[in-house]
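Peer 1: Here the protein sequences line up with chains A and B, keeping their order.
Per the working numbering, the first sequence starts with residue -5, numbered consecutively.
Per the working numbering, the second sequence starts with residue 436, numbered consecutively.
Honestly, the hints are just simulated from the structure, not real lab data.
Careful: at least some of the hints might be erroneous.
As the list claims (entries may be wrong) - The list that follows gives simulated cross-link-like pairs (lysine-lysine, DSSO-like), each with its CA atoms no further than 27 Å apart:
no.: 1; chain 1: B; residue 1: K875; chain 2: A; residue 2: K161
no.: 2; chain 1: B; residue 1: K725; chain 2: B; residue 2: K873
no.: 3; chain 1: A; residue 1: K161; chain 2: A; residue 2: K23
no.: 4; chain 1: A; residue 1: K112; chain 2: A; residue 2: K23
no.: 5; chain 1: B; residue 1: K842; chain 2: B; residue 2: K858
no.: 6; chain 1: B; residue 1: K858; chain 2: B; residue 2: K876
no.: 7; chain 1: B; residue 1: K875; chain 2: B; residue 2: K842
no.: 8; chain 1: A; residue 1: K42; chain 2: B; residue 2: K556
no.: 9; chain 1: B; residue 1: K858; chain 2: A; residue 2: K154
As the list claims (entries may be wrong) - Stretch-level coverage of chain B by chain A, calculated; a stretch enters the list once three of its residues show a Cβ under 8 Å from a Cβ in chain A:
no.: 10; region: 534 to 544
no.: 11; region: 727 to 737
Said to hold, decoys possible - If you only want the chain B side, here are some residues facing chain A, beta carbon under 8 Å, derived:
no.: 12; residue: D461
no.: 13; residue: G463
no.: 14; residue: N721
no.: 15; residue: D723
No residue lacks a Cβ here, since even glycine has one placed at the ideal position from N, Cα and C.
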Amino acid sequence: LQQIVLLPLNLNNEEILNDVRNEVAAEFKARVILSYIPFDVSAYIDAKRLQYDANTIMRDLYPLLPASADKVVAIMDGDLFIPILTFIFGQAYVNNKLSLVSTYRLLPERYGLPPDEKIFKARLVKEVIHELGHNYGLRHCFQPVCVMRSSTYVEDIDLKEQHLCPKCRLKIPHLTPSAL
Amino acid sequence: MPRSYSILIVDDEISVRDSLYNWFTDDGYIVEVAEDAKTALNMLEENSYDIILADIRMPGMDGLEMQRRIRKMNDKAIVIIMTAFASVDSAVQALKDGAYDYVTKPFDPDDLSHMIRNATKQLNLSDENETLREKVSTLESVDDIIGDSPAMQNVLNEVEIVAKTDSTVIITGDSGTGKELIARAIHANSPRRYFPLVAVHCGALAESLLESELFGHAKGAFTGAQFQRKGKFEMADGGTIFLDEIATISSKMQIELLRVLETKTFVRVGGTKEIKSDFRVICATNRDLKQMVKEGNFREDLYYRLNVYNIHIPPLRERLSDVPLLAGYFLKKYAKAMNKAITKIDESAIKALQEYEWPGNVRELENMIERAVVVGSEPAITAKDLPIVKNSGTPLPGVEKLDDLEKTHILQVLSKYEWNISKSAAALGIDRVTLYNKIKKHQIQRPER
């Protein structure tokens, strides 16, 4: 069984994280565990942009990853950026072990709307599954509802489902019908 | 996406190159990167890219200068200028120089995504436009095949059969019989019809020019090659290449052509990169290739490679029953173009047309009807409007061989039109290429002025 680790960097909402864990486990037919390591994200804030530098966080986090994990998704609440883009929802090393997801822009209140935990959780689940898809070697998918469809604004995330389309599933060896 | 678009990212910052590389690769684009303008221009000499995303400030040549040079190499590429230091002046300059857009770093992911999507939409439209233009011209040409004689119906049946295959076809027939039209009909009815039909008139070009025309050339390959250029084989990718007057190519070109037909790969003149292209070959000639092979003037291996299926178009004199139909078609065409109410050809004219030998074939008939529409009066063309001279039966003094007669006549026409090739060809009822070939064949020299 594949082992996926969810690594909250500065999040304490156990209830939501447990829900995410269950959804990810179901989607990837994997053992998903929550794990914590000491890692201070405040060192990665860019003074000019007041955002967190995703590239550097991932670079420094990589050597600290648990060896037993097949894939690791680090989750944090700060707003992430890479130099060329104003923000990112998340980022992954394609066909590799690590990805990073930010909850910052997934919250409805960032867009002047009332808080809605259900919407927030659904977005987080989709983002985590999307980045994990990249970790498993998937590229963006053109199917409108596939979770691997590219999302450049938050409503894009709401439009897609939290599942991999059949074509994307077939590209992940342990999810093919013969492996199951 | 209808096809995979290629993007070249030019930026001196590695983090920008890497981020954009990953972003666009994830979205299914073919992405390459360059760290400066010089590297990018070198890459552009070897490859073509659909979209070029270039930083404005780079060490050495800046993005604006690079864009100007790209425009000269490839005017279809979409160039998007990126900058971290936005200024109205540089934005205006970039757009004036033909940039598709101008964006400030860092980008909003949604803006970037939209911009590239719009750029690909424009490329799509441009591709579609080219394909449709080609398709329209092909369809128009197919409609031009007229003839209900058994001989012509046989040709059209052969076209139908061979169009469904991917075999090489050689079309034989006298000058003016409509070999190119048949080639177009084969292409238009083949599975390759949505891709281009690229025609090359081999006889009209000198060997070195033909080589660069067929294979393309790299920048600086020869004097005057200021920019790289795609060759006809590359342009025919997915479609058909029509090689007219195939018998005229030199022995060196015969070897080159054989190699390309066998491997479907070639290198541009002065280039190093091997280019692959998927094309079907249709060629045409008015010469007897088999005889040329016997005489050692045409390679046997190339002959067999080309002569997979042969369609022979009979000369007009062997299908005189098609003459009234063809004449009526040309009458309609030219009367409409000249806005004249000439609607028919009278019996005397039809009789004269059917009694004529038609050495220039359908092309000669077309020219004759065009002339008749010019000089004729409404409502009908009569025999006196046709420039058919009845044979008196007396040979020209001092001329016995047919070849000599042809040479003498061509010389007379050339001198009448002061060596204006277009006018002379039109008067002779042949095309310019054929006239050039005949000048070459008879070794006719232009008199010193």
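Peer 1: Taking the hints in turn, state whether each one holds.
Peer 2: Each hint, compared with the structure:
{"no.": "1", "hint": "K875(B) / K161(A)", "in the structure": "62 Å, violated"}
{"no.": "2", "hint": "K725(B) / K873(B)", "in the structure": "20 Å, holds"}
{"no.": "3", "hint": "K161(A) / K23(A)", "in the structure": "17 Å, holds"}
{"no.": "4", "hint": "K112(A) / K23(A)", "in the structure": "23 Å, holds"}
{"no.": "5", "hint": "K842(B) / K858(B)", "in the structure": "17 Å, holds"}
{"no.": "6", "hint": "K858(B) / K876(B)", "in the structure": "20 Å, holds"}
{"no.": "7", "hint": "K875(B) / K842(B)", "in the structure": "11 Å, holds"}
{"no.": "8", "hint": "K42(A) / K556(B)", "in the structure": "36 Å, violated"}
{"no.": "9", "hint": "K858(B) / K154(A)", "in the structure": "67 Å, violated"}
{"no.": "10", "hint": "534 to 544", "in the structure": "holds (count 5)"}
{"no.": "11", "hint": "727 to 737", "in the structure": "violated (count 0)"}
{"no.": "12", "hint": "D461", "in the structure": "5 Å, holds"}
{"no.": "13", "hint": "G463", "in the structure": "6 Å, holds"}
{"no.": "14", "hint": "N721", "in the structure": "51 Å, violated"}
{"no.": "15", "hint": "D723", "in the structure": "55 Å, violated"}
Checked against the numbered hints given earlier, this structure breaks hints 1, 8, 9, 11, 14, 15; the rest are met.
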